[in-house]
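Visitor: Just so you know, the protein sequences line up as chains A and B, in that order. Residue numbers for the first sequence follow the numbering used here, beginning at 1 and rising by one. Residue numbers for the second sequence follow the numbering used here, beginning at 327 and rising by one.
Simulated from the structure, these hints should not be mistaken for lab results. Be careful, since some hints might not be right.
As the list claims (entries may be wrong) - Pair by pair, the computed Cβ-Cβ distance ranges are:
no.	chain 1	residue 1	chain 2	residue 2	range
1	A	213	B	384	44 to 54 Å
2	A	29	B	413	24 to 34 Å
3	B	552	A	115	18 to 28 Å
To be verified - Which bits of chain B does chain A cover? Going by a derived footprint, with three or more residues having C-beta under 8 Å, they are:
no.	segment
4	478-492
5	551-563
Unchecked claim - From the derived model, a few chain A residues whose C-beta atoms are all more than 12 Å from chain B:
no.	residue
6	88
7	100
8	195
9	253
10	272
Owing to the predicted nature of the structure, the values given are computational and were not obtained by experimental measurement. For every residue, glycine included, the Cβ atom is placed at its ideal position computed from N, Cα and C.
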Amino acid sequence: MTSHVTDARSGGRWLGGIGVAQEESWAAPDTRRWLQLGLAFIWLLDAVLQFQSFMFSKGFSQMLAGTAPGNPAVIAGPINWSARLIDQHTVVANGAFAVIQLLLGLGIAWRPTVRLALGASIGWAIAVWWLGEGLGGILNGAGSPANGAPGAVIIYALLAVLLWPGQRDRPAPFVAGRFTGAAVARLLWLVLWGSLAYLALQPATSAAKALSGMVSGMASGQPGWLAGLDNNLAAFLAQRGPAAAVVLAVAGAVIAVGVYLPRPAARAVIAVAIVTSAAIWIAEGLGGILTGGGTDPNSGLLLALLALTYWPLADSRPAATRSESA
Amino acid sequence: MAGQSWLADTFAGIMIITAAYCVSRLVVARRQHRPTDFRVDGVHVLMGIAMAGMLVPRLRVFWAGGWEVVFGVATAWFAWLTIRDWMANRKPRSQGAVSHPPAHHLQHVLGCGAMLYMFLAVTSAKAASGGTGTSGMAGGAARFPTLALILAFGLFGYVVWTADRLPGLATVAAFAARATPVPVPAGAASYASMAAQASGDAPRDESQPATGRVPGTPVSPRLAACCEIAMGVTMGYMLILML
Numbered sequence: 001m002t003s004h005v006t007d008a009r010s011g012g013r014w015l016g017g018i019g020v021a022q023e024e025s026w027a028a029p030d031t032r033r034w035l036q037l038g039l040a041f042i043w044l045l046d047a048v049l050q051f052q053s054f055m056f057s058k059g060f061s062q063m064l065a066g067t068a069p070g071n072p073a074v075i076a077g078p079i080n081w082s083a084r085l086i087d088q089h090t091v092v093a094n095g096a097f098a099v100i101q102l103l104l105g106l107g108i109a110w111r112p113t114v115r116l117a118l119g120a121s122i123g124w125a126i127a128v129w130w131l132g133e134g135l136g137g138i139l140n141g142a143g144s145p146a147n148g149a150p151g152a153v154i155i156y157a158l159l160a161v162l163l164w165p166g167q168r169d170r171p172a173p174f175v176a177g178r179f180t181g182a183a184v185a186r187l188l189w190l191v192l193w194g195s196l197a198y199l200a201l202q203p204a205t206s207a208a209k210a211l212s213g214m215v216s217g218m219a220s221g222q223p224g225w226l227a228g229l230d231n232n233l234a235a236f237l238a239q240r241g242p243a244a245a246v247v248l249a250v251a252g253a254v255i256a257v258g259v260y261l262p263r264p265a266a267r268a269v270i271a272v273a274i275v276t277s278a279a280i281w282i283a284e285g286l287g288g289i290l291t292g293g294g295t296d297p298n299s300g301l302l303l304a305l306l307a308l309t310y311w312p313l314a315d316s317r318p319a320a321t322r323s324e325s326a
Numbered sequence: 327m328a329g330q331s332w333l334a335d336t337f338a339g340i341m342i343i344t345a346a347y348c349v350s351r352l353v354v355a356r357r358q359h360r361p362t363d364f365r366v367d368g369v370h371v372l373m374g375i376a377m378a379g380m381l382v383p384r385l386r387v388f389w390a391g392g393w394e395v396v397f398g399v400a401t402a403w404f405a406w407l408t409i410r411d412w413m414a415n416r417k418p419r420s421q422g423a424v425s426h427p428p429a430h431h432l433q434h435v436l437g438c439g440a441m442l443y444m445f446l447a448v449t450s451a452k453a454a455s456g457g458t459g460t461s462g463m464a465g466g467a468a469r470f471p472t473l474a475l476i477l478a479f480g481l482f483g484y485v486v487w488t489a490d491r492l493p494g495l496a497t498v499a500a501f502a503a504r505a506t507p508v509p510v511p512a513g514a515a516s517y518a519s520m521a522a523q524a525s526g527d528a529p530r531d532e533s534q535p536a537t538g539r540v541p542g543t544p545v546s547p548r549l550a551a552c553c554e555i556a557m558g559v560t561m562g563y564m565l566i567l568m569l
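Take the sequences, apply the hints, and build the full model.
Guide: Below is the structure:
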């Protein structure tokens, strides 16, 4: 009996968490699948955050309407319209939003629906980017890498595209290039981090007290350790705001071009991108999720997940080709 | 922070249904001599009832402090099982002890630990506010919100991980097709039977009474995984409400 069980486990048919046997056709997650599960995790977190009491109050629709000012009329009009609609039907609308996000998270995690959920998440993310985030503040001059620009939710859509499980993978030195190809994936990375570098030099970030004010504003309502961290960071930036903005812009530019470098240098740059993303997340106060009023974890966590999809792999061949040659 | 009452009612309803289903699993397993993890199903029953009571106070069934003791013991028990399995897995296979991967019990350590945390947090918050809370979650702002978030992250991680493996779980029909009666002891040994059953290597035990419809066929593993998912999402929701 003992040896039979051992054999079943070594054959990959044992499910650790639930403790029962797997079908033989089941394959252990590869790197891309783990990253998809990371995306599913964040959608699930988003959904549960959307179930918080604050989201069922008028404060939620006011928060959405607050992204409209300063945007062109063609952008602001639909934002105001949707905010009014949500204001009139707060409970139904917010309940529906939360359920949609829950289904997206579980749909990505459940293999039979992964394509459907990833596809739906792209449409949903674009709609929220416009109607819920005002295009991340990139058109009204309020966007800064430290407040979530160019919009946390657009990174969900980007991740869904880059992690799409295509019928046939292309050879790429990182997971993000398996579906779109390495050239397109590198271009998307260049645009994203290039835009962060550009936004770091805009007045919303580079003005004397801009970064300091933004970070100290995130400290309100946070637990002691995070409030202390943000307050200390804000105090540090109070005298060095413009210099810090330049450092952030240079870091963003280096990270943007880093994916074009040879593997060892690219790895170093991706590691810097992960550290920078963590710093951005701290500056964002973890998206306010510890305050009971955060709708999502904001951009820092997603930038870190995105960076992992660009981590240079030892073998650039698609998984299928690798298994064939083995 | 109190959640929306209709939402609390909905989650409480899901928990009661889940608990009732887990009771039925235990009954079916006992009456039909079919394997299931009695410990896990049992703790799911307790969790379902406890969470329903936290969400909707009129559904409370225990005295003050009772659930803390229950989940404190359960956490320590699953932690001991995790350590035991970890130690057993370190031994060379030739020594041949049957054991689960340590992760199997770790998720139940996390779940029971989260329940214990929630009860302790609600109790301390009510004590601080003079016991004026009206809802099960009212006044439940966590004293250590970062711990609540870490627990919620862990639970969401397990939800996603379980959902990923769900389609790969052998169905009851697949088990039944390969059914050979095997001994069905309670607890850990039932997993050994189930793994051997699915691999088609289970030894035939003619001494086992063939009571029930399909002896040796486990009670739906996929629905057990769905219970894990429902419990994880609900518990994560409650922890997030406590931030």
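Visitor: Broken hints, numbered, in rising order?
Guide: none
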